[in-house]
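*Asks:* Below, each chain spelled out in residue letters.
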Amino acid sequence: MGDLDRAIAQLRACRLIPETQVRELCYKARELLIEEGNVVCVDAPVTICGDIHGQFHDLMELFRVGGDVPDTNYLFMGDFVDRGFYSLESFLLLLCLKVRYPDRITLIRGNHESRQITTVYGFYDECIRKYGSANVWRYCCEVFDYLALGALVLGTSSELEPTGLAMNDSTQSTMPIDDVELETEVLNSKGEVTYSSYRPRQSASSDTSAENRNISPSGDIPSQAPLRTGAPGTGASGEGGGSYSSRTGAVLCVHGGLSPLIDTVDKIRLIDRKQEVPHEGAMCDLLWSDPDEIDGWGLSPRGAGFLFGGDIVKQFNYRNDLSLIARAHQLVMEGYKEMFDGGIVTVWSAPNYCYRCGNVASILELGEDTSNGGTVTRSNGDYGRSNGVMTGDKPGVRSPGRRYRVFEAAAQDTRGMPAKKPVADYFLPSQQAI
Amino acid sequence: MATDGLIARVLPTIDLSEGHTFLVPSKRINETDDVSEFLCSKAYVDIMTFLLQLNRSMFPAKFPDGRVQTWPLNGEAVEFSAPIRQLQQLLSKIEDLLDATPLEPGEWRYANGAFKVWHDKVKKETPSLLAECLPAEILHARSSDPDGPTAEVELTEYFLGSWGSRERMDYGTGHELSFLTFLGAIWKLNGFPKNSPGVEERTIVLGVIEPYLELMRAVIKKFKLEPAGSHGVWGLDDHSFIPYIFGSAQLGPPISDSDPVPETGSLSDVVNPHGVTKANVVEEERKVNMYFSAIGFINDVKKGPFWEHSQMLYDISGVQAGWAKINKGMIKMYNAEVLSKFPVVQHFRFGSLFSWDRHPSAIPPPPRIHSSSGQETRPRQVPTTTLQDPGPGTKAPWATASQSIPPPSAGTTAPWATARAGGGPSTTTRVPPVLPDTSRLPPGPMAPTRAPWASSQPAGPAPTGNPNDSTTKAPWAK
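Those sequence lines, one after another, are chains A and B.
Going by our numbering, the residue at position 384 of the first sequence is 384; the numbering climbs one at a time, nothing skipped.
In our numbering, each residue carries its 1-based index in the second sequence increased by 1000.
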């Protein structure tokens, strides 16, 4: 572990580790990943992250905002590499953390975790430039083949612990009144609440006619919301007890979206995933598809995967007892975007994407449901799972409480300029070099 | 340096009196292997000839009396002919359309849907714009066959391809190439006055191309167009290429009419290539130089260390052998990374002016040397060409403009996406039968992938019908 911790420290400082160490790391990572199913089960609390694309300094900002590993559990939904300048540093750090804390961090595959895509979008070039050969690229691609295709988050709480309040007993009386629960909260990178929404608390007997009450317009910081005082990430840990029992469905996390070939989560489990991402088929779709404001399915302008509409999401969620699909894959200017009545959310974690998009990034924290003493109903998305509370026509699958932490690009003044400039091929003194 | 017989080579013009048949431009590059055929075509030779001809004209001139004349932007030394002024008017009318197109509110994705509105306006106005700004004897030059098309059909193709991709809402070097070709087409049709070597060429660059680039920068900035085919930090520039060619020529050593294009050295006392990394130097030089003008735009839109977000330009700033060396490298790179890349040139359409026919002297064309050797460094199993538009997402055609649902932005396009069935990349996986059809492209180089529909969807603005469209429906979907 000593070596691994040293490697982590070195990568955190944005310094690469030697090629032999990369090789060893990738070998260990593969041993670990091969044991994971195509759909990894993850217990809440967990913090879900979207595309990183080699924006290393922003990944550090993400950890600052969301809490460090292993204090916070993380689930990264792929696209670690390409386009950015630090794909190697970013991916290798995440991989080190995975090997070091396998139960604390989950990595699933994005469409960029592919040989063909990385040769085009930069990661291959970066490996050549930084290591002088394609070896490291090859090691990394072998790891890509073993990454899970999705994850299922279980045991989420339908209710968020109001930020900061858990730290201060004297404020208990200011908790929202008993008939509503905090459903969504958006925090800026300073931990200030910029938006929250409540919904009626669900009891065993009442139906859920979720009528959201927005207590503060977006961008407005409500005075009753104190600044967050706890350690980063603790907001999602849902330590507070006493929440009412209400069942939340599982949350499916996948990089792109749904596939017309996949109608149950179990079908994902049947895929032989240990391969390069194919150009078509279920595996491809999971990594390439996008939700869109259409009915049914549409062909994707990306040329891979499909577009899928709100009806598809509703049916899929209903059939699989899911309350939410979390996915990444598309830049959203506000960092996250819920669609189709909250049935799917896009989480994007690369702020000011490509140095120019001007977007903010976000991560999504899902708290733990402690109402059953911490035991999780293991449904894994199967049919007819028992729940002990709701019966009948499944009216009671509630979406989990969702806390979005929004953050901006990391400050850039601390990055050092490289001492010398490698000469680009086309400009080498000797023509033979071309 | 041996004198090169090709020094004074210029793009040949067409003598219409000898009879000519215009053709409706058509797509010829359907699979990666077609690119090598393209590199042997008359069109390729013509494009490179025109580019090199313009490039040469931008080097400072050395006169017999020893006097040196440079060709800065906004300089006094060039005089614009009537055709150039007409083209400037054309651009300014398109700029007026831009100013008259307000942004659409409430966009949550990157690009703004108003781009499509502007694009539609340009398309709608194109016949009248071209009629106003091009002489009738050029625009309506007739085929020998009276029933054949006029030159307009070819000019329109390249003109329309110059304004970015409506569907993808992006812009890249393929669109830039289309504009260059548009100008080349006018040249071939004798649309520019005959003049001493270089005189008309440099007014094309300074008087038309630079204003075009400026206009496109305004378009990109206003609508937040995605880079088509951007490789992120690993490419030269998100959107354009030719300003780096002409801009480096502007700073090269002076040449006389008989000198070959220099391969090393710089004009004396000009800005050092390292200046691109200094914001204040860029701010000064962008007023007079196209290379710096392009870098100035990068600085305008990007936030972050230059060496990081533009590492290739940063590396090039370390070239010791002068601006001429940079110029030469840029041309090689353009050849290899633009003209030899399937994702870019697959959208190019070929007619009579830029013809798919094999050039008589084309053996294996020089560009293949770079492209193939460049590819050798690539792993075997991956396709040799890069993809296209990683960037942006494409707006789904069925999302109506009134909904203002912009395209999935900043998305990645599958490298194989644009390949047609049977024209897949040379990987073991064949192009799936359904997906290739998703990438039908409307006219114009780099034109976007057509987003096919779910079968029940109205075709919407989808530009071309695709008989092979078959939407897979989920079994449980209605």
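Just so you know, not all the hints are guaranteed correct.
[Stated by the list, open to error] Some chain A residues judged to face chain B by a derived CB distance under 8 Å, without partners named:
1. MET60
2. GLY84
3. TYR101
4. ASP103
5. TYR121
6. ASP125
7. CYS354
It is worth saying that the hints were derived from the structure and are not from the lab.
Note that the Cβ used here is the ideal one computed from N, Cα and C, for glycine as well.
*Asks:* Give a verdict on every hint.
*Replies:* Each hint tested on the structure:
{"no.": "1", "hint": "MET60", "in the structure": "violated (15 Å)"}
{"no.": "2", "hint": "GLY84", "in the structure": "holds (6 Å)"}
{"no.": "3", "hint": "TYR101", "in the structure": "violated (29 Å)"}
{"no.": "4", "hint": "ASP103", "in the structure": "violated (31 Å)"}
{"no.": "5", "hint": "TYR121", "in the structure": "holds (5 Å)"}
{"no.": "6", "hint": "ASP125", "in the structure": "holds (5 Å)"}
{"no.": "7", "hint": "CYS354", "in the structure": "holds (6 Å)"}
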